[in-house]
Every structure is written in C-alpha cells, then in structure tokens.
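Protein chains: 2
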Amino acid sequence: MTLQAVLNRVDETLPQALDRLVDLLRIPSISTDPAFKPDCAAAADWLVKELESLGFTASVRPTPGHPMVVARHEAPGPHILFYGHYDVQPVDPLSLWDRDPFDPAIEETAKGAVIRARGASDDKGQLMTFIEACRACKEIHGTLPGNLTIFLEGEEESGSPSLIPFMESNRQELSADLALICDTGLFADSQPAIEMMLRGLAKVEFTIKAATKDLHSGMYGGAAINPIRVLTRILGGLHDDQGRVTVPGFYDDVDELPESVRAQWQSLTFDAGKFLGDVGLSIPAGEVNRTPLEQLWSRPTAEINGIWGGYTGAGFKTVLPAEASAKVSFRLVSRQDPSKILPAFKAWIEAQLPADCSLEWNDPIGSPASVMEITDPAFEAARAALSDEWGVPAVYTGCGGSIPIAGYFKTILNMDAMLIGFACDDDQIHSPNEKYDVKSFHKGIRSWVRVLDRIAK
Amino acid sequence: MTLQAVLNRVDETLPQALDRLVDLLRIPSISTDPAFKPDCAAAADWLVKELESLGFTASVRPTPGHPMVVARHEAPGPHILFYGHYDVQPVDPLSLWDRDPFDPAIEETAKGAVIRARGASDDKGQLMTFIEACRACKEIHGTLPGNLTIFLEGEEESGSPSLIPFMESNRQELSADLALICDTGLFADSQPAIEMMLRGLAKVEFTIKAATKDLHSGMYGGAAINPIRVLTRILGGLHDDQGRVTVPGFYDDVDELPESVRAQWQSLTFDAGKFLGDVGLSIPAGEVNRTPLEQLWSRPTAEINGIWGGYTGAGFKTVLPAEASAKVSFRLVSRQDPSKILPAFKAWIEAQLPADCSLEWNDPIGSPASVMEITDPAFEAARAALSDEWGVPAVYTGCGGSIPIAGYFKTILNMDAMLIGFACDDDQIHSPNEKYDVKSFHKGIRSWVRVLDRIAK
Numbered sequence: 001m002t003l004q005a006v007l008n009r010v011d012e013t014l015p016q017a018l019d020r021l022v023d024l025l026r027i028p029s030i031s032t033d034p035a036f037k038p039d040c041a042a043a044a045d046w047l048v049k050e051l052e053s054l055g056f057t058a059s060v061r062p063t064p065g066h067p068m069v070v071a072r073h074e075a076p077g078p079h080i081l082f083y084g085h086y087d088v089q090p091v092d093p094l095s096l097w098d099r100d101p102f103d104p105a106i107e108e109t110a111k112g113a114v115i116r117a118r119g120a121s122d123d124k125g126q127l128m129t130f131i132e133a134c135r136a137c138k139e140i141h142g143t144l145p146g147n148l149t150i151f152l153e154g155e156e157e158s159g160s161p162s163l164i165p166f167m168e169s170n171r172q173e174l175s176a177d178l179a180l181i182c183d184t185g186l187f188a189d190s191q192p193a194i195e196m197m198l199r200g201l202a203k204v205e206f207t208i209k210a211a212t213k214d215l216h217s218g219m220y221g222g223a224a225i226n227p228i229r230v231l232t233r234i235l236g237g238l239h240d241d242q243g244r245v246t247v248p249g250f251y252d253d254v255d256e257l258p259e260s261v262r263a264q265w266q267s268l269t270f271d272a273g274k275f276l277g278d279v280g281l282s283i284p285a286g287e288v289n290r291t292p293l294e295q296l297w298s299r300p301t302a303e304i305n306g307i308w309g310g311y312t313g314a315g316f317k318t319v320l321p322a323e324a325s326a327k328v329s330f331r332l333v334s335r336q337d338p339s340k341i342l343p344a345f346k347a348w349i350e351a352q353l354p355a356d357c358s359l360e361w362n363d364p365i366g367s368p369a370s371v372m373e374i375t376d377p378a379f380e381a382a383r384a385a386l387s388d389e390w391g392v393p394a395v396y397t398g399c400g401g402s403i404p405i406a407g408y409f410k411t412i413l414n415m416d417a418m419l420i421g422f423a424c425d426d427d428q429i430h431s432p433n434e435k436y437d438v439k440s441f442h443k444g445i446r447s448w449v450r451v452l453d454r455i456a457k
Numbered sequence: 001m002t003l004q005a006v007l008n009r010v011d012e013t014l015p016q017a018l019d020r021l022v023d024l025l026r027i028p029s030i031s032t033d034p035a036f037k038p039d040c041a042a043a044a045d046w047l048v049k050e051l052e053s054l055g056f057t058a059s060v061r062p063t064p065g066h067p068m069v070v071a072r073h074e075a076p077g078p079h080i081l082f083y084g085h086y087d088v089q090p091v092d093p094l095s096l097w098d099r100d101p102f103d104p105a106i107e108e109t110a111k112g113a114v115i116r117a118r119g120a121s122d123d124k125g126q127l128m129t130f131i132e133a134c135r136a137c138k139e140i141h142g143t144l145p146g147n148l149t150i151f152l153e154g155e156e157e158s159g160s161p162s163l164i165p166f167m168e169s170n171r172q173e174l175s176a177d178l179a180l181i182c183d184t185g186l187f188a189d190s191q192p193a194i195e196m197m198l199r200g201l202a203k204v205e206f207t208i209k210a211a212t213k214d215l216h217s218g219m220y221g222g223a224a225i226n227p228i229r230v231l232t233r234i235l236g237g238l239h240d241d242q243g244r245v246t247v248p249g250f251y252d253d254v255d256e257l258p259e260s261v262r263a264q265w266q267s268l269t270f271d272a273g274k275f276l277g278d279v280g281l282s283i284p285a286g287e288v289n290r291t292p293l294e295q296l297w298s299r300p301t302a303e304i305n306g307i308w309g310g311y312t313g314a315g316f317k318t319v320l321p322a323e324a325s326a327k328v329s330f331r332l333v334s335r336q337d338p339s340k341i342l343p344a345f346k347a348w349i350e351a352q353l354p355a356d357c358s359l360e361w362n363d364p365i366g367s368p369a370s371v372m373e374i375t376d377p378a379f380e381a382a383r384a385a386l387s388d389e390w391g392v393p394a395v396y397t398g399c400g401g402s403i404p405i406a407g408y409f410k411t412i413l414n415m416d417a418m419l420i421g422f423a424c425d426d427d428q429i430h431s432p433n434e435k436y437d438v439k440s441f442h443k444g445i446r447s448w449v450r451v452l453d454r455i456a457k
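Residue numbers (full-length UniProt numbering), protein chains in the order written: chain A, 1 to 457; chain B, 1 to 457.
Check each hint, because a few of them may be wrong.
If chains are identical, the list can't say which one is meant, so a pair holds when it fits in one copy or spans any two.
[Stated by the list, open to error] Once the Cα atoms are required to be at most 20 Å apart in a straight line, the calculated DMTMM-like pairs of lysine to aspartate or glutamate come out as:
1) 439 to 12
2) 213 to 425
3) 37 to 92
4) 49 to 139
5) 49 to 19
6) 317 to 363
7) 213 to 278
8) 138 to 108
9) 317 to 205
10) 213 to 426
11) 340 to 363
12) 111 to 256
13) 439 to 425
14) 274 to 189
15) 209 to 278
16) 317 to 214
17) 138 to 12
18) 138 to 453
19) 439 to 278
20) 317 to 168
21) 457 to 287
22) 317 to 388
23) 346 to 205
Since the hints were made in silico from the structure, they are not lab data.
For reference, chain A alone in the conformation it holds in the complex (with noise of 0.2 Å):
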C-alpha cells in the first residue's frame, strides 16, 4: 500500500523534519515589532525555499506589511488551498522563558518530549506538519499530493492588515474548492477534532447621558437621575432568569444543533468542573438548559466587557454623574446577523431610556458566525482519516471565539474552511515556554498524508 509506504517515510525522517523546524524556529519572526521585519522576510523566504524544493511554484509576495507566501502545484482533482501563518507572538516578559525562545530545543517531559520555542506550536510547527507531509508523499510517489495552494501570512499575530486586500487583490487565484487552516487544536489534548462553527462577533460602546454637567448629590440627589442607575437597570435586564437574552429577536436566527454534532458532543469526555475550577468557578452561566459545550460553542452570548462612569479613583466623591458606558458584545451563532442584532439592541434601550436621558451610539461592529458545511463529504473523509491516524474517533467541534480568516475564506473567496489542528491546550501559546508536542508534530504530519489521500484526489 503506498499510503503505508508514505507513513513510513514520515516515520523514518522525522528527525529530519524536527531539524528543519527547529531551523524554521530559529528564525525570530515577530511581526508586531518593526524591529523584527527582517526576520519576518527571512522567515518567508526560508519556506519559499523549501516549497520551491518540493516542487511547488513559491514566491514571497509583497504587502504594506511583511509579506505573504503564496505557492501552487497544479494537478488534477479539486484544488486545496492550505493556510498557516509563519509570525509568531513577542516573547515578554524573557524572564519567565526557560531558554532562549529563538534557540530551539527538543526536551523530555513527563508527557513526552517536546520542542520548545516561540512559535513551536503557533504556528510554525503546525503548518510544517503540511509541508513535511507533502515531502513525503513526494518521496514516495514523486509528485506533491494533490491541486495545492498553500498560502502562509506573516501578520496573524499582528492583527492581519494587509490579508483582505491581498486575498480581494488575488481573490482568482486563491478561490480554491476548500480550504485547510492548522491553526487550532486536538480537543482535550488527544482527541483529533474539526472545527466546524465559529462564533461570530458584535460589539459597540455606548454612552447614556443625563444632566449636564456631574452634580452633587448632597444639592440634587434624590431630584436628579443618576445615568449609572439608568445603566444598570436596563444592563441587569439583559438576561432572564434562565440565562437567555432579553433583547427582542435575538435568537430568531439562531439554529438547533444538528442531532448527529448533537450526539457527537455529548459524547465527549468534556470536564466542565475542571475547566472552570481552573479558573476558579463551579458553575455554567449561560442558559440553563443547555450543556456547557453547547454554551460555549453553539449558543450566543451577551457580554459586558466594561462600564464606568462617576467616580472610580480612590476614596469617596458623592457624584452624579452627567454620564455613564458600557462596552457590550455578543457573541453570535448560525444566521444571527450583526446588522440585525446591534438595532435591535439599540432599540432595546432606547425604549427603556427615561425622557431625561439620551443615548450615544458608538462605532458597533460585528462579523457573523462561520458555520461550515460538513455535508460536504470531503469533511466526513476527512474525520475517517483523523480518526484511522489517532485511533479514536474524531469530532465536529466548535469555537467559542472567532478566527477571522475562516470567515475571509467564506465571505471573500467563498470557499469552506476545514480547521484541523495538533496543537494541546497545555502549549503555553501566546505565553512563555510555548511548546509542541513531538507526538503533535509526528502525528501531525502523518494525519495529512491521511487526509489529502482521502480528499485531494
């Protein structure tokens, strides 16, 4: 079977691939300090190389920002475009590193070893797992394995400037038949997993104004109204008792889990008490009658990320205020559509705001959820061949916050993303001594070899 003949190969040379992520890592790619831009070229220069080593047609393409790679191998069957991003977080504070983020090292820890760098895990080490699983099947069959694109971005942790205009600017050449993102992870650190639903993001800040200026409430208190109170009242009247949101119509376009997903999550060993007992909590929040998974992934929420008004400092100030904000967001499922959701609450209140008060409205913004299509056969070839790889099945998942490259992807090129990561929720990413598993990285590479031979041909 050449499909073995394959893993074997990953196998046999993975201390090679380990050598060339460790060179990839070496690189200090930082994309949110312009002092690092050189190596953020380097850095795509580096798999432009490699890429071109593989046989595929690699160019660094140039940004107002660091540049984006971009290489294609043509070949029948449907086109896949692949995406990871080859910047990595800034390393603060240095002190709490064990080494040198940009000297990387394979350690041995209880859990097995591991490779230990910035960007181990985010990204490098994952989208090498493609590339190294290209170079196998390369080796093996003498041709790269399948229609590919792969499409690596340097601004990820930077904010992503420059990947709108560069995909509306190629939109032709990067609008493949699907699109793989490794930028997410195993669930529960051992279960392979799709992302299949992302939560959508609304937010805006507003202001409730009342009297002119701030008074004193020894001279007005009692006579004037206090916007604090206004605030409160209709904030503490998001949600009701059982954990929904009040604003009218908010859950119109919100749709039931499909009962296959349904049954799917219910079947996995999530520990919600260990995963908010890590935080110091007990007790789910949201709507009653739900399960936590489903609370985090498949349902919307209403959030006050922040409120202030009077006075904050340090002892007492008998004030009331002229004015008080909140920051508000709601995360959103299924069809809930920011340009629907924000009026909606903004109307909501408006029609509790007294006479005496008015509202100032500011700067809302949202994106919509990103729902994908798993009835494309393409996903549940690709869960067979998660699960012959990990030896347990894999799961449709969701994501309770937004990876907005997905949502690109949809809304821009129009394709669906397949989120399949390695990465373990103990990687540290984002923080000091981020790590890959070595088991990630290795399985990692061998789960693409699976999954392109099940959906590239």
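Fit chain B to the given chain A structure using the hints.
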C-alpha cells in the same frame, strides 16, 4: 422702643460695618494652602481684637492646624453659642476673577450693591453679621445682648481636622443651650429660612469577584459568570418602579414630615422646572409620590456614585473580567442609622450573589441625619424675628447635603443647632468672583438683632 433704636444704629453705621468687613476680607486666610498659614493666624488675631473691643473675653486657641477663636460673655439667660469660620477657599483659577480676590470692593450690580471678594459670603460676611449685631446692641444698651459664646473655626474649608478633638477637649466650655450657625442661605434668594434637617450620609465601596483572572469571552463566554452582569443585575434592582429603595428595612426609621412643615414647604415658591432645567433635566427622579423638595430634603436616597469593571479604555477587549466594583452612597434622614443601613445593604447584595461570586466590602462609613428639635420655643421665636425683618414668613427648610458641624454639636456637645444664614444662590462661593449682597449683610445684622432680642433673654 430699644429694639428699634438698635436697628436704627445698624442702619446708621452700615458704612463702618462694611469697612470692618473689608478689613477682614483683605486677609488671605486660605486654610488648605500652608503658604497662607500666617494669614490664617492674622485673621484669628484680627477677630480676637474685634471681639475684645466689644467686651468679650476672647482668645486665639492653638490647634495642630489653624487656631480656633473663642470669645465669651457671661450674662443671665440661656447660653447661646454662635459658630462661623474665618478661613476661605483657594482662589484658583485666578484668571477668572474680575478683580484681586483679596482687594474687596463694593460694586453696583443689576441686583443691587455687592461686596466682591473671596470669603465675602463664605463665611466672613456671614459671621460678621453676628458680630456687628452684637456691636449695635452694645452701643445702644451698653452691654452685649446675652449669655454668649462665639466660636470661630479656621479649618472649615480644609475638612476641619482639629474640630472634633477641640470640641472634645473643651466640652464644658462649648456646651451651650443652643447653637447658632451662620453658614447657610436664604430660600430662593429672598425668603429667610432656618434649616431644620440635614441629611446624613452612608457610603461604601464594594467589589464582586468571580473568576481568579480575566477571561477571554471567546473561550469562556457563555459558561463563565461575568461579575459586571452580576453587579448590574443587583444594582439595577436598587430602586423599584416607584423610585423607592428596595433594600429591606431601608424605610423603617424614616419619619413623615410634621404636618406644619409639610404645609410650609408646599407654600414655598420652589421652581423645580428651573432647578432641574439649569442642569439639562426636566423630570424629578425620586419617589414618585413625593414633591421635589421632599425628594431633596426629607427623603433618603441610594445613589451609585461610581461603577467600573472590565476594559474601559479606547477600542475593545472582549474580556470577562475577574471583578467589578461600585461606590454607593445613601443620603439618610430622620432616625436612619448608618450602622443598620450599611449591613442591610450588604446582606441584600449577598442574598443575590451567585454561588460562584464573592463580595469584597471596603471601609463603609456613615453619619446620621441631623434633625433639629423645632419644638424648642427658641425656633419659633427666631422664625418670628426673621419674618419681622424680611416681611415674608421665614420657613423651616431641609438640606440635601450634610453640614458636619451641626451633627457634631448634637453628638459631642448635645445641643441643637439653628442654621440661619443670608447667602444667595448666586453668591458663587468656592468659585471666582464670590460676592455677598450688601442687602444680605445689612438685613443679616438686623436679623440677628431681632433674633437675639427674642431668644437671648
């Protein structure tokens, strides 16, 4: 009639009385600024000299801060203590003054003649009304008008740090049958008033704590409790839809107004529309079945003076904060006791706290309301005297804020205080271009002559 003779004397010697006030106003006795410490001492010396010249036994009494002035004239009859303060507010911003704040002048205005200087109204002009009344009586009768103590403070504008220790150390000397305090105003600039109730104040800062650290709403939103949500839900229920405070027992020790006082208040020409309109409001915000004056003077309040939690800077951070805080104060009336109200508020919060949250409760402090015993005949006698002088009935009023000295007289020296003053709302105390109407000064002196004629015998 000898009363008329004294009043005539006041009228005839007004220019000389104004000259003396101008002399006192020239001394820049700013108590908050150490640079003016010699000037505070000079003002105290000036007053002692004046009082000695009138036949008082007067002395400067050192304190750790600025000195007190105590002057005594023993005579038959009830012992009456008069309180005022010789220190003044700072003058910043000096650029907004139309003249040197310590170069007083009599200026003609549309409203009539005014004395323009820092301290003209607060409180040098007011305290001199009493001293000049004593002088006129002495000049006609050959003796001071009663069994009097004059007690003048030099730290009122800087928090009165020496006042309580001084009262406690000199309890016997200062304990009179009645205190007169001249640091208040006419009602609506035209009607003489005796303030008979001053609201108390209880205040506390507290924090609701949830997770052990700030959480990301993408990762935890929906499952982790947000303490801002808890805080707004609890504080949003602090008032019911009738504007009443919902803390159990809050109104237990709140008395209804005496019918006679209520009738007086209803007859007052208080323009609530203008009062609120001046600060951009239109609708009284307190208990719905109470008049605006009741809301301000005789009804208790609960106000959120400050609230903060989560991210409050520019832009957005989708954080679920670990904690959220508020500063809440209560204006107290009647027999409401801060040592009952604050624990009741705490218990009310705790009863609504989710199991995953904890309450941190910082430094609650409070002082009760001061309610004068207007059944003491001296009050009605003073009211009649004021009515005679001003040609309109003098009224008992309340005060939404606190005047600490009135409370100290009650709690430390066990005497009621009669708060009578002649300031106008437009006197601009604590602000640039402070003034005192010559009419306030002139009729203030005459008022004290009449009041002493009725109560000091």
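These are the hints, each one checked on the structure:
1. 439 to 12: within (14 Å within a copy, 104 Å between copies)
2. 213 to 425: Cα proximity of residue 213 and residue 425: across copies only (17 Å, versus 50 Å in one copy).
3. 37 to 92: Intra 17 Å, inter 52 Å, cutoff 20 Å: intra-copy only.
4. 49 to 139: Within one copy only: 17 Å inside, 109 Å across.
5. 49 to 19: within (16 Å within a copy, 95 Å between copies)
6. 317 to 363: between (31 Å within a copy, 14 Å between copies)
7. 213 to 278: between (45 Å within a copy, 10 Å between copies)
8. 138 to 108: neither (31 Å within a copy, 100 Å between copies)
9. 317 to 205: between (25 Å within a copy, 11 Å between copies)
10. 213 to 426: Result: close only across copies, 17 Å inter versus 51 Å intra.
11. 340 to 363: Within one copy only: 15 Å inside, 45 Å across.
12. 111 to 256: neither (38 Å within a copy, 73 Å between copies)
13. 439 to 425: For residue 439 and residue 425, only the intra-copy Cα distance (14 Å) is at most 20 Å; the inter-copy one is 79 Å.
14. 274 to 189: within (14 Å within a copy, 67 Å between copies)
15. 209 to 278: between (40 Å within a copy, 15 Å between copies)
16. 317 to 214: within (11 Å within a copy, 28 Å between copies)
17. 138 to 12: within (15 Å within a copy, 116 Å between copies)
18. 138 to 453: within (12 Å within a copy, 114 Å between copies)
19. 439 to 278: Intra 25 Å, inter 72 Å, cutoff 20 Å: neither.
20. 317 to 168: neither (53 Å within a copy, 28 Å between copies)
21. 457 to 287: neither (44 Å within a copy, 75 Å between copies)
22. 317 to 388: neither (66 Å within a copy, 40 Å between copies)
23. 346 to 205: within (11 Å within a copy, 30 Å between copies)
Going down the numbered hints, you'll see the structure goes against 8, 12, 19, 20, 21 and 22, while the others check out.
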